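Add chain A to chain G, keeping to what the hints say.
Listed below are the residues making up each chain.
There are 2 protein chains.
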Amino acid sequence: MFKTVALVGVTGAVGRLMRQLLEERPLAAETFRFLASARSAGKTLTFRGREYAVEPLTKESFQGVDLVLASTPDEVAAEYLPAAVEAGATVIDESGYFRMREGVPLVVPEVNPEAADIDRGIISSPNCSTTQMVLALKPLHDAARVRRVIVSTYQAVSGMGVQGTQELEESTAARLRGEEYRHAAFAHPIAFNCIPQIGREKEAGYTSEEMKMVYETRKILGDPSIQVCPTCVRIPVANCHSESIVVETERPVSPADARSLFEAFPGIKVVDDLPGGVYPMPNTCTGSDLVFVGRIREDISRPGGLSFWCVSDNLRKGAATNAVQIAELLARRRFGAK
Amino acid sequence: MFKTVALVGVTGAVGRLMRQLLEERPLAAETFRFLASARSAGKTLTFRGREYAVEPLTKESFQGVDLVLASTPDEVAAEYLPAAVEAGATVIDESGYFRMREGVPLVVPEVNPEAADIDRGIISSPNCSTTQMVLALKPLHDAARVRRVIVSTYQAVSGMGVQGTQELEESTAARLRGEEYRHAAFAHPIAFNCIPQIGREKEAGYTSEEMKMVYETRKILGDPSIQVCPTCVRIPVANCHSESIVVETERPVSPADARSLFEAFPGIKVVDDLPGGVYPMPNTCTGSDLVFVGRIREDISRPGGLSFWCVSDNLRKGAATNAVQIAELLARRRFGAK
Numbered sequence: 001m002f003k004t005v006a007l008v009g010v011t012g013a014v015g016r017l018m019r020q021l022l023e024e025r026p027l028a029a030e031t032f033r034f035l036a037s038a039r040s041a042g043k044t045l046t047f048r049g050r051e052y053a054v055e056p057l058t059k060e061s062f063q064g065v066d067l068v069l070a071s072t073p074d075e076v077a078a079e080y081l082p083a084a085v086e087a088g089a090t091v092i093d094e095s096g097y098f099r100m101r102e103g104v105p106l107v108v109p110e111v112n113p114e115a116a117d118i119d120r121g122i123i124s125s126p127n128c129s130t131t132q133m134v135l136a137l138k139p140l141h142d143a144a145r146v147r148r149v150i151v152s153t154y155q156a157v158s159g160m161g162v163q164g165t166q167e168l169e170e171s172t173a174a175r176l177r178g179e180e181y182r183h184a185a186f187a188h189p190i191a192f193n194c195i196p197q198i199g200r201e202k203e204a205g206y207t208s209e210e211m212k213m214v215y216e217t218r219k220i221l222g223d224p225s226i227q228v229c230p231t232c233v234r235i236p237v238a239n240c241h242s243e244s245i246v247v248e249t250e251r252p253v254s255p256a257d258a259r260s261l262f263e264a265f266p267g268i269k270v271v272d273d274l275p276g277g278v279y280p281m282p283n284t285c286t287g288s289d290l291v292f293v294g295r296i297r298e299d300i301s302r303p304g305g306l307s308f309w310c311v312s313d314n315l316r317k318g319a320a321t322n323a324v325q326i327a328e329l330l331a332r333r334r335f336g337a338k
Numbered sequence: 001m002f003k004t005v006a007l008v009g010v011t012g013a014v015g016r017l018m019r020q021l022l023e024e025r026p027l028a029a030e031t032f033r034f035l036a037s038a039r040s041a042g043k044t045l046t047f048r049g050r051e052y053a054v055e056p057l058t059k060e061s062f063q064g065v066d067l068v069l070a071s072t073p074d075e076v077a078a079e080y081l082p083a084a085v086e087a088g089a090t091v092i093d094e095s096g097y098f099r100m101r102e103g104v105p106l107v108v109p110e111v112n113p114e115a116a117d118i119d120r121g122i123i124s125s126p127n128c129s130t131t132q133m134v135l136a137l138k139p140l141h142d143a144a145r146v147r148r149v150i151v152s153t154y155q156a157v158s159g160m161g162v163q164g165t166q167e168l169e170e171s172t173a174a175r176l177r178g179e180e181y182r183h184a185a186f187a188h189p190i191a192f193n194c195i196p197q198i199g200r201e202k203e204a205g206y207t208s209e210e211m212k213m214v215y216e217t218r219k220i221l222g223d224p225s226i227q228v229c230p231t232c233v234r235i236p237v238a239n240c241h242s243e244s245i246v247v248e249t250e251r252p253v254s255p256a257d258a259r260s261l262f263e264a265f266p267g268i269k270v271v272d273d274l275p276g277g278v279y280p281m282p283n284t285c286t287g288s289d290l291v292f293v294g295r296i297r298e299d300i301s302r303p304g305g306l307s308f309w310c311v312s313d314n315l316r317k318g319a320a321t322n323a324v325q326i327a328e329l330l331a332r333r334r335f336g337a338k
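Chains G and A, in that order, are what the protein sequence lines are.
All residue numbers in the first sequence are consecutive under the working numbering, ending with 338.
All residue numbers in the second sequence are consecutive under the working numbering, ending with 338.
The set of hints was computed from the structure by calculation and includes no laboratory data.
Incorrect hints may appear among the rest.
If several chains are the same, the list does not tell them apart, and a pair holds so long as it fits within one copy or across any two.
To be verified - EDC-like mimics (lysine to aspartate or glutamate), calculated; alpha carbons at most 16 Å apart, straight line:
| # | residue 1 | residue 2 |
| --- | --- | --- |
| 1 | 202 | 273 |
| 2 | 3 | 119 |
| 3 | 59 | 23 |
| 4 | 43 | 24 |
| 5 | 269 | 257 |
| 6 | 202 | 298 |
Keep in mind it's a predicted model, so treat the numbers as computed, not measured.
So here's chain G without its partners, still in its complex pose (with noise of 0.2 Å):
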């Protein structure tokens, strides 16, 4: 098992859950250790019955951590995290800095599970609206070849962490009752709203969220002539990001063979019977750690080609079960754990 096992980050969003994943399921370590910012050091938290104080984050912080959990702003990420690698640990980090990082493994562990076995070093978990579209194409990839994706998200505001959630919730009923709300989470109100921008001008006329989608999705694919035209739109839904998504490939794929990929594929729960309105919603999905495909179809304007709606929990299988997965994989490599 890991000697030391340290959150990073465990009172954010994500990270709250990961301490809550980690009760849940068996990862094994003779010591865990929570870490936070400044702010948040000296609360005491509760886990698997015992009571740990939540420690500062320091570059001093790793000395005899084996395995680290991150889930921090890009910024700290950068400052503290090769701190952990140089203390001989292995960094699963949520942030998107070391993503695109030469070396830096990029890994969905259904998707590419051998990316990481590496014996130290920082190994990246996705970002979130890239992780579950991904886990959808893969099966197909794998089939056909994609070489051509057009993806539309309609991303919940848990994304942005605490804050979104509780805007929304605030703007919304200040909205109701007619009243004002200064928005701050969001650079524009979200109550009753939607906005075509997250993350801030990258390149092209495309954010730094839909470019993740690009770049990140050939990586983890290991396929860098994969084309992606991606729009991301931030919607006042509370959990699960939403995904209207239609795939060109190089052989065609039928509606039925579709069906039966996703169906045969780890991680993957088809919800599809449109006549009976059934399909996968932020709704019905939150709280899984499952990629959900429905409205699987014939892309009417291309023969051959295929659109699909796919939703997942942004929080969970797009952030901290993600992770908490990588870390069980390096388990299985490393001490055979099941």
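Chain A alone, transformed into the frame defined by chain G:
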């Protein structure tokens, strides 16, 4: 001027707005009449400073009427509007019932005004999600010939009429109080959720709303070879539909060219400054008669392709405004009205 203009369905969301628009705009008639279902008949309303009784809609309602503006469910349109045509009227119909009929013009005045040049009969106004898209596509089609469109919609609840708006507000308030809500207007909860189905299953795994975007686009642009792959999604937004659109044209269109084409086209307003956080959103477009376009950029998955974001008030340009503009077009043609 027109002798008698009859408004049908005056108590619905679109009917009310048509009345309001006719208050503001100069369409001239000797007489106006206001018709609605038996349930609403007998109410009185004030229009241009006069009181009117709402009359019950019957097949005998149309004697002496030369222009009808109708906003009703499909089955009401099917039953009553042919009687108006028999009585000699020109009928501008918001419903979907006649739109795809051979010989029935389907008109967006900025796009295909010539189609409205009939002496009597039905002129259909397109589905709201089609109208805004086709208006944005028209200058691209004229300049470079649109071949394929991939569109994902973010549709407001006001498209379901007064009940849709009420259900969003009530169910959201209930959810914020932690209470259950029995939804009725929508098949699934809409509060903080999104629903990837609008209308019934129509064909090939697509919904009726989606197939409207295919067939109506071809008819309005007069080009049956245009391919459209639509995904229509209801989101918890009060008013204004948004659309993420990717277009393939025969000749390449640069983002700069597209911007110039949009800016020069009547009825379109370009709102596009991503670094400044400026783009169309429902909360900034509601109440306008224009179609707003932003996020204009190259489709990075295909050289020469284009992607953009399009928002419009679905009750106004998507319905009431378009119908009133068709009436104004007829008035100009027939009476030289300005």
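Failing hints, ascending? Result: hints 3, 4 break, sorted rising.
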